[in-house]
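Asker: Generate coordinates for the entire structure from the input sequences, incorporating the hints supplied.
Residue 479 in the numbering used here is what sits at position 477 of the sequence shown, and the numbering runs on without skipping anything.
The set of hints was computed from the structure by calculation and includes no laboratory data. Quick caveat: nothing in here was measured; it's all calculated off a predicted structure. Hints are supplied without guarantee of correctness; some may be wrong.
Using 25 Å as the maximum straight-line C-alpha spacing, the simulated DSS-like pairs for lysine-lysine come out as follows [as the list claims (entries may be wrong)]:
{"hint": "1", "residue 1": "190", "residue 2": "177"}
{"hint": "2", "residue 1": "604", "residue 2": "528"}
{"hint": "3", "residue 1": "421", "residue 2": "528"}
{"hint": "4", "residue 1": "488", "residue 2": "478"}
Derived DEER-like restraints, expressed as beta-carbon distance ranges [said to hold, decoys possible]:
{"hint": "5", "residue 1": "220", "residue 2": "468", "range": "43 to 51 Å"}
{"hint": "6", "residue 1": "462", "residue 2": "357", "range": "48 to 56 Å"}
{"hint": "7", "residue 1": "418", "residue 2": "598", "range": "23 to 31 Å"}
{"hint": "8", "residue 1": "423", "residue 2": "475", "range": "33 to 41 Å"}
{"hint": "9", "residue 1": "372", "residue 2": "230", "range": "23 to 31 Å"}
Just so you know, even glycine gets a beta-carbon here, dropped at the ideal spot from N, CA and C.
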Amino acid sequence: MGYGQSQNIKIRAFNIFESALASIDAIHCVVMANKFNSGDNRTRRFVSIFIVAGLCCFFYLLGAWQRSGFGKGDTIAVEMTKSGANCNILPNLNFETHHGGEAGIIDDFDSKVKTYKPCHPRYTDYTPCQDQARAMTFPRENMIYRERHCPPQDEKLHCLIPAPNGYVTPFPWPKSRDYVPYANAPYKSLTVEKAIQNWIQYEGNVFRFPGGGTQFPQGADKYIDQLASVIPIENGTVRTALDTGCGVASWGAYLWKRNVLAMSFAPRDSHEAQVQFALERGVPAVIGVLGTIKMPYPSRAFDMAHCSRCLIPWGANGGIYMKEVDRVLRPGGYWVLSGPPINWKTNFKAWQRPKEELQEEQRQIEETAKLLCWEKKSEKGEIGIWQKKTDADSCHASQENSGVTFCKSEDPDDVWYKKMEQCITPYNNANRDESSSGDLKPFPERLYAVPPRIASGSVSGVSVESYLEDNREWKKHVSAYKKINKIIDSGRYRNIMDMNAGLGGFAAALHSPKFWVMNVVPTIAKTNTLGVIYERGLIGIYHDWCEAFSTYPRTYDLIHANGVFSLYKDKCDFEDILLEMDRILRPEGAVILRDEVDVLVKVKKMIGGMRWDFKLIDHEDGPLVPQKILVAVKQYWVGNSTSTQ
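Answerer: And the structure:
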């Protein structure tokens, strides 16, 4: 069904509605005439009943028309429209706006809308900042070519990335952990390369993930049991984890049922699509690499970091990669190294590597760990576990005696496109204040406890009182969202993104074992709050929305954006941000935008040509609030489609 045809149907429906109103008005006049001329109460009652019955029939027919659907996304769109328009559900929401200066723009909307065409099917899995052709023009030294290299403005695509033919909605969690539809990521190379290691199997029209891995052939569960014999995984003290070189993220997938949330990353491969499989499974992951640039996470973010045969040369370059892990590892946190060179004396023949090389590699790792003040807790089989000490004073004394170089930057969280340094992030005064304000609560109590960064006053402009008020406000907002879109809690959405996360209030209010939220803190945000988000037991990342996000297309089921367009209105084109949202949103995925009315009117005009069904509605506190909400659903369509399917 084409856009013109769809518009004609909408116009006809509106004309029917106007005719119905005119008929009701005429009947009302008859009633009034009867009232004054005949005084026949029975006639008035009969006509009143007739009016009510007529209205019911009209709305029944209108609802039936909506339900008929013209694309596979329409059923979800109708659910959202029904719940948003039902006065019994949202008595104070009105879908019409009530602010001057916009009426002319809305009336003129359809005639000026720009229609975005589909990109060529070769762009189905396009990742703009990790494009393979562009990557090959950069040096391979220190994995520079695998880092982010975004296209200049004149090379950005201005079209819609198509889904592959046969694309289907992913399974809900937890089934999606074990099964991924083949059509969604049709790449079989890993089923051959990793067949012995039990990573992934192709069965009929799905991929099955048995939970195996190079270092856990008996399954991720038993591997995690081994770690849990040393690390307190089960009691809530370990909540956030970092998996470097994650493969298909089975470690993170199986940690989730133990209430541990892992941020996994791996580089973009030319054929293996490991991160894509992870996200199709519903597991948090991004495209990333330890190369020359700092990781896009704040200091002291993770309770545990992990490498399972991740091929990162930990001892090389003066231990610079271990020093970067140390920056993001919380005092008291654990580092797990599984695979070479651990226990090299027993395994060097199986690894087919010279024992002298492995011995030197382990020596470098042990030496760097000592400089970082990490205490070795266990070495058993091929697994080594270290714990970062919490005693800052004793660590500083030993480090100073060793002649180490401390990082001079005053802000260890200032990392966007910043080069890694050959230095150790010190326990500065702010760190000590935060530590003395009390240890983090175990999860889930941690979710709403006052984070140490806020309790110590180290987050500019955020007090304990404003933090608590922010939580109350987001509980109210999320309650309204659930009335607008009643399937948020159903498990339909697994991978959720908050594009401007603030203090993490949206993710906290939405918290559920059925899904996770990627909390993005824009690099241009007035206040850097990502450290607070991690102290709440949530995960997130720094990002600049003038550039593409480090993920594959179609990897998020629901995108929330609070004030994003107001934040970027003088920084980059709204069109680029919207096209990036469309790239990373699944067909039939949902969008919730919360912003100022004048900004959303501009956004509304653009998305009219993006194959989204949408509605602009009032703030939950009523029509006089200038902030509005725009809800949308991406229509279902695939490559080679000329219209929605």
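Asker: Hint by hint, note whether the structure agrees.
Answerer: Here is what the structure says about each hint:
1. For the suggested pair residue 190 and residue 177, the alpha carbons sit about 20 Å apart, so the restraint of at most 25 Å is met.
2. Taking the CA atoms of residue 604 and residue 528, the gap is near 24 Å; set against the 25 Å cutoff, the hint holds.
3. As the CA atoms of residue 421 and residue 528 are separated by approximately 23 Å, the hinted pair is consistent with the 25 Å bound.
4. Straight-line distance between C-alpha atoms of residue 488 and residue 478 comes to about 15 Å, which keeps the hinted pair within the 25 Å bound.
5. Take residue 220 and residue 468: their Cβ atoms lie about 49 Å apart, and the range 43 to 51 Å holds.
6. Checking the proposed 48 to 56 Å range against residue 462 and residue 357 shows it holds: the Cβ atoms sit about 53 Å from each other.
7. Between residue 418 and residue 598 the Cβ separation comes to about 26 Å, which falls inside the hinted range of 23 to 31 Å.
8. Range check, residue 423 to residue 475: about 39 Å between beta-carbon atoms, so the 33 to 41 Å window is met.
9. Roughly 26 Å separates the CB atoms of residue 372 and residue 230, a value that falls within the hinted 23 to 31 Å.
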